[in-house]
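Protein sequences appear in the order of chains D and E.
Residues 0 to 478 (numbering that gives the first Met the number 0) make up the first sequence, in order.
Residues 0 to 65 (numbering that gives the first Met the number 0) make up the second sequence, in order.
These are calculated hints, taken from the structure and not from any lab test.
All values reported here derive from a predicted model rather than from experimental measurement.
Every residue, glycine too, gets a C-beta built ideally from N, C-alpha and C.
Misleading hints may appear alongside valid ones.
Stated by the list, open to error - Covered by chain E, per the in silico footprint, the following chain D stretches (three or more residues, Cβ under 8 Å): (1) 12-25; (2) 212-221; (3) 294-307; (4) 333-344.
Unchecked claim - Listed next, the stretches of chain E that the computed footprint assigns to chain D, with coverage defined by at least 3 CB atoms under 8 Å from CB atoms of chain D: (5) 5-17; (6) 23-33; (7) 53-63.
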Amino acid sequence: MARVYKDLREFLAALEEEGQLVRVKDEVMPEPDIGAAGRAASRMTDGPAVLFENIKGYKGTVVTNAHGSWANHALMMSMPKDTPTKEQFVELNRRWDKFPVPPNVLSREEALCKQNTITEDINLFEVLPLYRINEQDGGFFLSKASVVSYDPDVPDDFDKLNVGTYRIQVKDKDRVGIQALPMHDIAIQLAKAERKNEPLPIAITLGNNPLVTFMASTPVGYAQNEYEFVGALQDGVPTDIVAADTDPNLLVPAHCEVVLEGYIIPRARVVEGPFGEFPGSYSGARLQCEVQITRITHRDNPIFENLYLGMPWTEIDYLMALNTSVPLYKQLKTDFPEVQAVNAMYTHGIGTIVSIKPRYGGHAKGAAMRLLSTPHGMPYTKILIMVDDFVDPFNLEQVMWALTTRVLPSKDVTMIENAAGMPLDPSSYPAGMTTKLIIDATTPVAPEPNPRPVELLKDPVDTEKWNGIIRDMLKQMEA
Amino acid sequence: MECPRCGSAARVMVKSPVGDVWEVYVCETCWYSWRSTETPVIIDKFKLDPAKIGELGVIPAVPPLD
Ligand SMILES: [Zn+2]
Chain D
0 MARVYKDLRE FLAALEEEGQ LVRVKDEVMP EPDIGAAGRA ASRMTDGPAV
50 LFENIKGYKG TVVTNAHGSW ANHALMMSMP KDTPTKEQFV ELNRRWDKFP
100 VPPNVLSREE ALCKQNTITE DINLFEVLPL YRINEQDGGF FLSKASVVSY
150 DPDVPDDFDK LNVGTYRIQV KDKDRVGIQA LPMHDIAIQL AKAERKNEPL
200 PIAITLGNNP LVTFMASTPV GYAQNEYEFV GALQDGVPTD IVAADTDPNL
250 LVPAHCEVVL EGYIIPRARV VEGPFGEFPG SYSGARLQCE VQITRITHRD
300 NPIFENLYLG MPWTEIDYLM ALNTSVPLYK QLKTDFPEVQ AVNAMYTHGI
350 GTIVSIKPRY GGHAKGAAMR LLSTPHGMPY TKILIMVDDF VDPFNLEQVM
400 WALTTRVLPS KDVTMIENAA GMPLDPSSYP AGMTTKLIID ATTPVAPEPN
450 PRPVELLKDP VDTEKWNGII RDMLKQMEA
Chain E
0 MECPRCGSAA RVMVKSPVGD VWEVYVCETC WYSWRSTETP VIIDKFKLDP
50 AKIGELGVIP AVPPLD
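Can you make the complete structure from the sequences, with help from the hints?
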């Protein structure tokens, strides 16, 4: 049974035990220190979380880069911190199949997020040490919040309760902007409310259990509840949730650090942005929705958890790596059991690599087209590489080997023009339209001709034995 | 207080919760905000004025009323 973290604090304690969290006790400036540290830590191999304990002008603390390395990602799943990426992918897939694991709904008294309540003179700056992440951002952003909302047609339909990550810009002491892209679940709910000119109630939760944050940024089906996935990823242990004070149908993580309750103001759009985004470029100013905050609940001495995003790789690339790969793998595996693994880690799946054991000529290309028509793959995936089953798609050296020795570009490269794309991909033009590229780097299978079949090299006998001997010798030299 | 992005008048949004060490300003025309300890330099590409604001894209589109 996997170790389960009740809340962010237990995860941070585990990171610290494993040498994956550093505390900055000296006073820092909100800008540029916090963003800069998030940038620096996420660039390191096995970079740590960084906890700031003393920020000029603020009461609280900030933690950044909590998910920002493969070591931290492994610890999130309570695996050894040196677990290879492919093994983390396999373990996630195993736990994924435990869905659904219904959460525990706690009483208000049992939920730590209710330790303090603010209903008057709401001032986000009193609770959160807000800061600018990147220099040209239009303001201070919440980059790691989980936003809870429901379908106004069926407010108590738990399956359609949505927990998602959307960028949030602080506009005033008690008002924030929110980005609801048409492709995202919250936009469906918002449209239903706005057709009736009604506010859409939402709760913005900060400093969540790390797997809640992980699931909030995972593309799952509209009628699949994220909390039931958190229980699955906790290896069958239910997660704790509690009703928001302002709306019993808004269920929030019970032990998160801060909950901002309020509503999206209907039919209003106000300037938001620019914001440095995950493709490594700014997305410019647009007219977007705003949220009126009417109530805040928070734990004693709340920790503000936020992430740095910018030129990949950053914390958001770790956060969206395997949780983008697993749903695509599951969807593909249903019709193509020959698929071995999916690596959709590059810019939220814009670049994706699939390993497959093709059964007949054209099979790999068919699976590629299936991936390009999945709910996430259709808008996001632009460059898709298909490799043989014996190639580890998480090992880019192996993928490059497949590209250099398996691909005859005149027949193995396919382009599909005028297809759906991701608007934040600056190469899409007009924004949201792109060309799909499929590179079939699998070995040809009949009836496709393979006029120059080769015998692949195998590791010499006893390679594994020597691997052990050399490792032991290195350890002795270190000692 | 002049907004560094659109040149309109800005107001104080908030003062530092601890000490009197900074203020945050916000522009009610373009909603740019900044801290008094920053020296914002907005690149030309991101400068705004009321005409440009009127032409900005709308995300998501406002649906028709039922
Ligand atoms: Zn302005």
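Quick rundown of the hints versus the structure:
1. With a cut-off of 8 Å between beta carbons, the region 12-25 of chain D has 0 residues touching chain E; three or more are needed, and the interface restraint is violated.
2. With 0 residues carrying a beta carbon less than 8 Å from a beta carbon of chain E, the region 212-221 of chain D misses the three-residue requirement, and the given coverage is violated.
3. For a cut-off of 8 Å, the count of residues in the region 294-307 of chain D with a CB near a CB of chain E stands at 0, and the three-residue condition is violated.
4. For a cut-off of 8 Å, the count of residues in the region 333-344 of chain D with a CB near a CB of chain E stands at 0, and the three-residue condition is violated.
5. With 5 residues having a beta carbon nearer than 8 Å to a beta carbon of chain D, the region 5-17 of chain E meets the requirement of three or more and the stated coverage holds.
6. Under a criterion of three residues with beta carbons nearer than 8 Å to beta carbons of chain D, the stated coverage of the region 23-33 of chain E is upheld, 7 such residues being counted.
7. Only when three residues or more bring their CB closer than 8 Å to a CB of chain D does the claim for the region 53-63 of chain E stand; here the count is 9, and the claim holds.
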